[in-house]
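S.K.: So you can see what is in the structure, the chains are spelled out below.
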Amino acid sequence: MNEKVHFSAKPELRTPALVVGWSMDAGRLGRRVTDYLVGKLGGEAFCEIEPADFFPLNGVTIVNDIVFFPESRFYACPDRDLVVFRSTPPSYEWYQFLNLILDVAQDYCHVREIYTVGSMIAMGAHTAPRQFFGTIGSPELKTELSGYELSRETDFETPPGGRPTLNSFFLWTAKKRGIPSANLWVPVPFYLVSADDPEAYRTALDFLSDRLNLGLDLTDLDEEAGLQNERIDQIRAAQPEIDSIIGKLERGLRLAEGEGEKLAKEVGDFLRDAGN
Amino acid sequence: MPCHLFKIRICLEDNVTGWAVGIILHSEPELNQPHMIVGWPGIGNIGVITVDNLRQQIEAEELGEIEPWDYFYPSKVVIRASVLHSLEFPTSKFYYKRLANRDLLLFVGEEQPSGRGRMYAEGGKAYEMANQVLDVAEKFGCSRIYTSGAAVALTHHSWKPRVWAVATDSGLLAEMKGYANTLLMSEVEGRGDVGNITGLNGLLIGVAKKRGLEGVCLMGEIPDYLSRVPFPYPKASQSVLEMLAAILGVSIDMAALDDMTAQMEDVITNVFRQFPNEVRDRIDQRRQEAQPGMITEEDEKWLKENIDDFFRQEEGDKGQ
Chain G
60 MNEKVHFSAK PELRTPALVV GWSMDAGRLG RRVTDYLVGK LGGEAFCEIE PADFFPLNGV
120 TIVNDIVFFP ESRFYACPDR DLVVFRSTPP SYEWYQFLNL ILDVAQDYCH VREIYTVGSM
180 IAMGAHTAPR QFFGTIGSPE LKTELSGYEL SRETDFETPP GGRPTLNSFF LWTAKKRGIP
240 SANLWVPVPF YLVSADDPEA YRTALDFLSD RLNLGLDLTD LDEEAGLQNE RIDQIRAAQP
300 EIDSIIGKLE RGLRLAEGEG EKLAKEVGDF LRDAGN
Chain X
692 MPCHLFKIRI CLEDNVTGWA VGIILHSEPE LNQPHMIVGW PGIGNIGVIT VDNLRQQIEA
752 EELGEIEPWD YFYPSKVVIR ASVLHSLEFP TSKFYYKRLA NRDLLLFVGE EQPSGRGRMY
812 AEGGKAYEMA NQVLDVAEKF GCSRIYTSGA AVALTHHSWK PRVWAVATDS GLLAEMKGYA
872 NTLLMSEVEG RGDVGNITGL NGLLIGVAKK RGLEGVCLMG EIPDYLSRVP FPYPKASQSV
932 LEMLAAILGV SIDMAALDDM TAQMEDVITN VFRQFPNEVR DRIDQRRQEA QPGMITEEDE
992 KWLKENIDDF FRQEEGDKGQ
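Chains as they are written, first to last, in the working numbering: chain G, 60 to 335; chain X, 692 to 1011.
What the hints contain is simulated information worked out from the structure, not anything from laboratory work. Note that the structure is a prediction, hence the values are computed from the model and not measured. Where hints are given, some of them may not hold.
[As the list claims (entries may be wrong)] Covered stretches of chain G, as calculated for chain X (at least 3 residues, CB under 8 Å):
| no. | region |
| --- | --- |
| 1 | 197-206 |
| 2 | 226-236 |
[Stated by the list, open to error] Part of the chain G face toward chain X, derived, beta carbon under 8 Å:
| no. | residue |
| --- | --- |
| 3 | 155 |
| 4 | 212 |
| 5 | 214 |
| 6 | 223 |
Every residue, glycine too, gets a C-beta built ideally from N, C-alpha and C.
Please model the complete structure; the sequences and the hints are all you need to start from.
M.R.: This is the structure in structure tokens:
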């Protein structure tokens, strides 16, 4: 196909769906959703994009003594006719990189539709009901998705000085190639950005399981989300100031200067220490 | 109007990636021995402001553009009722204008295709874009390319910027030297025989030379102490535009650039007032000198220690 794409196996797929997640978004949503799908559905890696043209490769990143190297890999779950792509976001040559994903998806896998999973940082409390947003490539797919609990009337323009997300670039590239696609956006409370947010990835997986007939049993995620809420309740009980700040968010009140930073630090540290 | 998408030489050779970047032409007018004037952003945005003002003044018509997606990260997404409406990219557009003596092609790039977090393009992408611009130039029979950029100099913001010229051959240099307020790079005090023009405003005339085209780069002087701040410096663009008007034999209304220059003068004066006294005095001493000079290594060091640190501190203050 292309020397920048390396196949290690040739799984038998019919007309699968593709789920795309990036490894570096808030609340680790993309990573956790794709990990969950691959783990639960017995996904096997079958293809990867070579990193040389897309990442600096001027050394290696170490986080907590662990080596991190860019990874851009496809996994096949033939039983559910699903392909998962998980990748470090490319540092440059974005259009070429996105087209390589779509070459594999379209020319080899013959995908019927594509979903990207991404998080958006929210100012609300973790106890508030999670809204779930979709940006959809075409009015036709929007109609098809009308039965799902997606917020479907969002208007948005990149503000001056900002840049669109990689998922928006990907959606546009897929649309250009005529592949039905949508970006799924799940809000992650700002103080859970550096931790995990099981409620967020449960929300995304619930939709994917339903839409793609994956038959996922998400009970384990309900338990994980419940445990996280209990831990946050513990810190609220132990630190009245944290309880007061979260209480303000629950009542929709504006935080005073420094309160947001304090909440993010204390909750982030607490959840990490508690083993999240 | 029909659009012609023609795959150009560089793209046809690019079989590895398989995604040819094209040039979209809205029309293919017959042009009379055109020259081309090109501008990309750079220090003080001198080149791009010059060319864009010229484009507006002579009411040049849009001719086409280079497809952007393989060069740039998008600049804006528009979503309407949850459906992707559009994705916008920095533009790289061609224009043309019929003039009395010879016709003119213009090219204005909103960004340099650096792709790696740098201001200036370099490497394969820069070379590819340079060749695409020159493909269009040659398609319309163009034999000479002008680019414009910044000349960082030991000058003062109250002085009229001069225009430094470099060219692909000595005959062209002699021609350029005949214009008012213009000097050759080698004539700048303290400047050696060797220099460098960073980014596409420089690279393009190098590639032009390789392809047997004439190339000239006209650089408007910008004071060293303003060269690393994110301000436009329209005063230098005015100097370059005056020279281009003389070359082209056209009359240019400078009112818009006058206004822009006046606005920036206020900004620069305010910034200058905030410099430490010692720094201000040293810069003001330049007014006693006969003419601007080239910055030396010692000047670079002083600039870094005094001006860069000053702006870093200002940035830090804003964030508190």
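S.K.: Which constraints among the numbered hints does this structure fail? Numbers only, ascending.
M.R.: Every hint satisfied by this model.
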